[in-house]
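J.: Between the sequences and the hints, there should be enough to build the whole structure, so can you do that?
Listed in order, the protein sequences are those of chains R and F.
Residue numbers for the first sequence follow our numbering, beginning at 1 and rising by one.
Residue numbers for the second sequence follow our numbering, beginning at 1 and rising by one.
These are computed hints drawn from the structure, not numbers from a lab.
Note that the structure is predicted; figures quoted are calculated from it, not measured.
For each residue, glycine too, the CB sits at the ideal point set by N, CA and C.
Check each hint, because a few of them may be wrong.
[What the hints assert, rightly or not] Only pairs whose alpha carbons sit at most 20 angstroms apart, straight line, appear in this in silico SDA-like list of lysine to any residue:
hint: 1; chain 1: R; residue 1: K228; chain 2: F; residue 2: P291
hint: 2; chain 1: R; residue 1: K155; chain 2: F; residue 2: P301
hint: 3; chain 1: R; residue 1: K228; chain 2: F; residue 2: V211
hint: 4; chain 1: R; residue 1: K155; chain 2: F; residue 2: D298
hint: 5; chain 1: R; residue 1: K228; chain 2: F; residue 2: V289
hint: 6; chain 1: F; residue 1: K225; chain 2: R; residue 2: A274
hint: 7; chain 1: R; residue 1: K155; chain 2: F; residue 2: E299
hint: 8; chain 1: F; residue 1: K225; chain 2: R; residue 2: R277
hint: 9; chain 1: F; residue 1: K225; chain 2: R; residue 2: H275
hint: 10; chain 1: R; residue 1: K62; chain 2: R; residue 2: H95
hint: 11; chain 1: R; residue 1: K155; chain 2: R; residue 2: A139
hint: 12; chain 1: F; residue 1: K225; chain 2: R; residue 2: P268
hint: 13; chain 1: R; residue 1: K155; chain 2: F; residue 2: G297
hint: 14; chain 1: R; residue 1: K116; chain 2: R; residue 2: R154
hint: 15; chain 1: F; residue 1: K225; chain 2: F; residue 2: P114
hint: 16; chain 1: R; residue 1: K228; chain 2: F; residue 2: P287
hint: 17; chain 1: R; residue 1: K228; chain 2: F; residue 2: S292
hint: 18; chain 1: F; residue 1: K225; chain 2: R; residue 2: V279
hint: 19; chain 1: F; residue 1: K225; chain 2: F; residue 2: R156
hint: 20; chain 1: R; residue 1: K228; chain 2: F; residue 2: D290
hint: 21; chain 1: R; residue 1: K62; chain 2: R; residue 2: I78
[To be verified] Listed next, the stretches of chain R that the computed footprint assigns to chain F, with coverage defined by at least 3 CB atoms under 8 angstroms from CB atoms of chain F:
hint: 22; stretch: 162-171
hint: 23; stretch: 187-198
hint: 24; stretch: 257-267
hint: 25; stretch: 276-285
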Amino acid sequence: MSATPSPSGPVGPLLSVRDLGVTFRTPDGDVRAVDGVSFDLAEGRTLGIVGESGSGKSVTAKALMNLLPSYADVEGTITFDGRDVRALATARERHFWGVELTMVFQDPMTSLNPVKRIGEQIAECLRVHLGRSRRDASAAALDLLERVGIPEPRKRLRQYPHELSGGLRQRVVIAMALACGPRLLIADEPTTALDVTVQKHILDLLDDLRRERGMSMVLITHDLGVVKGRADDVMVMYGGRTMEHAASGPLFTAMRHPYTSALLETIPRIDAAAHARLVPIAGRPPNPSELGPWCPFAPRCGSRVEACTVEAPPLVDDGTGHRSACFAPLGAGEA
Amino acid sequence: MAGSGDAHLRDPGAFDDVVLRVENLVQEFPAGGTVGRLAGRRAVVHAVSDVSLDVRRGETLGVVGESGCGKSTTARAIVQMPRPTSGRVLLGPGTDDEVDLAATGGSALREVRPRLQMIFQDPISSLNPRRSVRDIVGEGLAVWSSASDGPHQEARVDEVLRAVGIDPAVAATRRAHQFSGGQCQRISIARAVVLDPEVLICDEPVSALDVSVQAQILNLLEDMKDRYGLTLVFISHDLSVVRNVSDRVAVMYLGKLCEVGDADAIYERPAHPYTRALLASAPEPAPSVDPSEAAVGDEVPSPIDPPSGCRFRTRCPRAVERCAVEEPVLRAVGDDHHVACHFPSLWPSS
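T.: So, in structure tokens, the structure goes:
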């Protein structure tokens, strides 16, 4: 895919985020959860957002979905297919969320209504957003359940969420997210609550559906292994900021940011020898209240220079669309 | 899988350094309700069904499986929290100190407890929020030593705290919530190790931690193992983590063992279709299996009414009629490599 920020390209990106910032006003002071995040996503592509807890990845997703609580201050612009999403005001315009842009959450049990039948919940999306009739919507719900690979779909329509396994529940949630034919699907840790044998099936399903519908997808995860081979582009976040953003290939083979590299090296490998010494990252992830205008990774970084603790390095594009925010990027010596 | 049997247990005659031996462990819980038509049987959750394991001194046994496979229940049954329905849990089998924990109770069981310690998944909720961290770590010693040991105890607590990377002076004044998740797990490790246990049971010790902190704790466990001569039973759902820490691996499914043996054998020459499916499902599949082997069904049967014969048969690509009738028993397919399957993948003997 082309370099990421290419607003001047022949076709504009589907989603364009500029200088997104989210600050939570809490009784203990302001917490800056997301700081200056910008990225573009083209139609039909998958962006993987990778980060640990507190990196701002889920808050970014919620900002896109307009799901942040009232005590969150949001700055920046979010443009979807040329429209300023943050300016959508009327009830009719706001069907945008749920029709064109939808989301799948981590825990399928809490994103389903426990006292409503599966079929009604899926049909509800179609009735509320698209004004489809009851009969129409039920028929569509059956098709959707079939499409997401749920066995005995007719029987499942009449069941409640607790009667389904975690994997099936997540398939139902995916069916709901797809009901109105979204152009962009945000999947926030869609498989973290699931077992490993089920995880692969769900990720494969999302991939197939995306391809079949020409949909775009944002896949959010803490596990670099999940996005490897699935995402076209990967954005690595830490402490609310973008550390690195590149096409998947270069990100894994020619990473520029010390955090990306440390993260890849610290993960145990399934094909390594037993008792292979792991390469730890010193320290701990930052507490959001300790963040400042410096690089959030600086306290743990092996390549730290003096400037890192004074100001945050800007996110710089190397000309090929590979962006990284580091004063001492890897491979800089050879360049 | 779903095998019973004890072919994988090591002959006490040949190995005199087995420190923990679990024989025919069964753990069942009442489920409420009944199974079958009419009044039926009272429903029972068959959480662990006839599992046998052993661990040699200084060895790490990794127990791996998905949620509901009984791996954590096995860990808890070993430490008698709660007591298993049946089976034996022998600490120091064959020695003068041999104790069957499952047959011991009251003060006798309490006296054995320091020999067997446990660390848990959630490091913060497993520490008392109202006590200083130093008190938490010293508590076991205070309970088990005589009053005259005071200065010695203090020194021991300091030594262990330093070994896990916590400053003893800081620990004296702070409580658990003032430490990060990774630090709390260090404190849990110190609390367990301070009693000089023979066996340390680790139940998903890194699953609640951020990936950038996991490696610190895994390395620390290896260091503590070397330093204090620990024997570990390491429970985890993460195949890569188990690969890193284990000498021997046991794969569980729905309360039964599928495959047990040397870690290299299990990862490099997996024989059981379930082990192979697990290895193929990892985000980066193991090179010893084909990614297509991940194609097993999603639906795990209920442990209230597990399938007859092999418990994996409902998802198994190799299942035939025999699998529903006859439960496979663990049998050797290589040097220290045992599998409970009628149709295992066999590898040229190495």
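J.: Next, verify each hint and record whether it holds.
T.: The hints, checked one at a time:
This hinted pair checks out: K228(R) and P291(F) have alpha carbons roughly 15 angstroms apart, not beyond 20 angstroms. Between the alpha carbons of K155(R) and P301(F) the distance comes to roughly 18 angstroms, so the proposed pair stays at or under 20 angstroms and holds. For a cut-off of 20 angstroms, the pair hint linking K228(R) to V211(F) stands: about 16 angstroms separates their Cα positions. This hinted pair checks out: K155(R) and D298(F) have alpha carbons roughly 17 angstroms apart, not beyond 20 angstroms.
A hinted pair counts as satisfied when its Cα atoms are at most 20 angstroms apart, and K228(R) with V289(F) qualifies at roughly 19 angstroms. Taking the CA atoms of K225(F) and A274(R), the gap is about 14 angstroms. The hint holds against a cut of 20 angstroms. Annotation: proposed proximity of K155(R) to E299(F) holds, straight-line Cα distance about 16 angstroms (limit 20 angstroms). Distance check on the hinted pair: K225(F) and R277(R) sit about 14 angstroms apart at the alpha-carbon level, within 20 angstroms; holds.
Proximity of K225(F) to H275(R) is assessed by CA-CA distance (about 12 angstroms); at most 20 angstroms being required, the pair is judged to hold. The hinted pair formed by K62(R) and H95(R) meets the criterion: a straight-line CA distance of about 16 angstroms does not exceed 20 angstroms. Between K155(R) and A139(R), the direct Cα distance comes to roughly 13 angstroms. Compliance with the 20 angstroms bound is thereby established for this hinted pair. Between the alpha carbons of K225(F) and P268(R) the distance comes to roughly 18 angstroms, so the proposed pair stays at or under 20 angstroms and holds.
For a cut-off of 20 angstroms, the pair hint linking K155(R) to G297(F) stands: about 18 angstroms separates their Cα positions. Between K116(R) and R154(R) the CA atoms are separated by roughly 16 angstroms; this keeps the pair inside 20 angstroms, and the hint holds. At roughly 17 angstroms between alpha-carbon atoms, K225(F) and P114(F) fall within 20 angstroms of each other, so this suggested pair holds. At most 20 angstroms may separate the alpha-carbon atoms for a hinted pair to count; K228(R) and P287(F) meet this at roughly 16 angstroms.
The straight-line distance between the Cα atoms of K228(R) and S292(F) is roughly 17 angstroms, inside the 20 angstroms bound, and the hint therefore holds. The hinted pair formed by K225(F) and V279(R) meets the criterion: a straight-line CA distance of about 18 angstroms does not exceed 20 angstroms. For a cut-off of 20 angstroms, the pair hint linking K225(F) to R156(F) stands: about 17 angstroms separates their Cα positions. Among the hinted pairs, K228(R) with D290(F) is consistent with the structure: their alpha-carbon atoms are about 18 angstroms apart, no more than 20 angstroms.
Distance check on the hinted pair: K62(R) and I78(R) sit about 12 angstroms apart at the alpha-carbon level, within 20 angstroms; holds. By the rule of at least three residues with a Cβ nearer than 8 angstroms to a Cβ of chain F, the coverage given for the stretch 162-171 of chain R holds, with 3 such residues. Given as covered by chain F, the stretch 187-198 of chain R passes the check, having 4 residues with a CB less than 8 angstroms from a CB of that chain where 3 are the minimum. Counting residues of the stretch 257-267 of chain R whose beta carbon lies closer than 8 angstroms to any beta carbon of chain F gives 4, which meets the minimum of three for the stated coverage.
By the rule of at least three residues with a Cβ nearer than 8 angstroms to a Cβ of chain F, the coverage given for the stretch 276-285 of chain R holds, with 9 such residues.
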